[in-house]
Amino acid sequence: MDRKYIQSVKPLTDHVLQVDFISGSRLLLDMKPYLDKFRFRSFSDPQVWNSAVTNGIFVRFGDVEMSHNELFSMAEQEHHRKGGKWYE
902 MDRKYIQSVK
912 PLTDHVLQVD
922 FISGSRLLLD
932 MKPYLDKFRF
942 RSFSDPQVWN
952 SAVTNGIFVR
962 FGDVEMSHNE
972 LFSMAEQEHH
982 RKGGKWYE
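Our numbering numbers the first residue of the sequence shown as 902 and each following residue consecutively.
Be a bit skeptical, because a hint or two may be false.
[Said to hold, decoys possible] Computed Cβ-Cβ distance ranges for the label pairs, DEER-style:
hint, residue 1, residue 2, range
1, S909, G963, 12 to 20 Å
2, R904, L936, 24 to 32 Å
3, G925, S968, 28 to 36 Å
4, D937, D903, 14 to 22 Å
Source of the hints: derived by calculation from the structure; they are not laboratory data. Ideal Cβ positions, reconstructed from N, Cα and C, are used throughout, including at glycine.
The task is simple: from the sequences and hints, build the whole structure.
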């Protein structure tokens, strides 16, 4: 049985990816720092960027697939890169 984690995904302007989870949480992930990486280079093409879909487990942009765990890991890296705290 496949457990679904992602309810919906929406590519926003300025390469921010909105991911809504089944739990009710929402992630806004800034993908700009990854656009120079070979794997994500195609996201610079608006047609590819706007093609994001989910099957509840993965987010797909054409041939690029990202798991919910990878999305969380990227968000954590972004958070640490900005020197933020989870709670004030």
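Verification of the supplied hints:
1. S909 / G963: 12 to 20 Å: holds, 18 Å
2. R904 / L936: 24 to 32 Å: Because 30 Å falls inside the window, the suggested range holds.
3. G925 / S968: 28 to 36 Å: violated, 20 Å
4. D937 / D903: 14 to 22 Å: violated, 33 Å
Comparing the model with each earlier hint shows violations of hints 3, 4; every other hint is respected.
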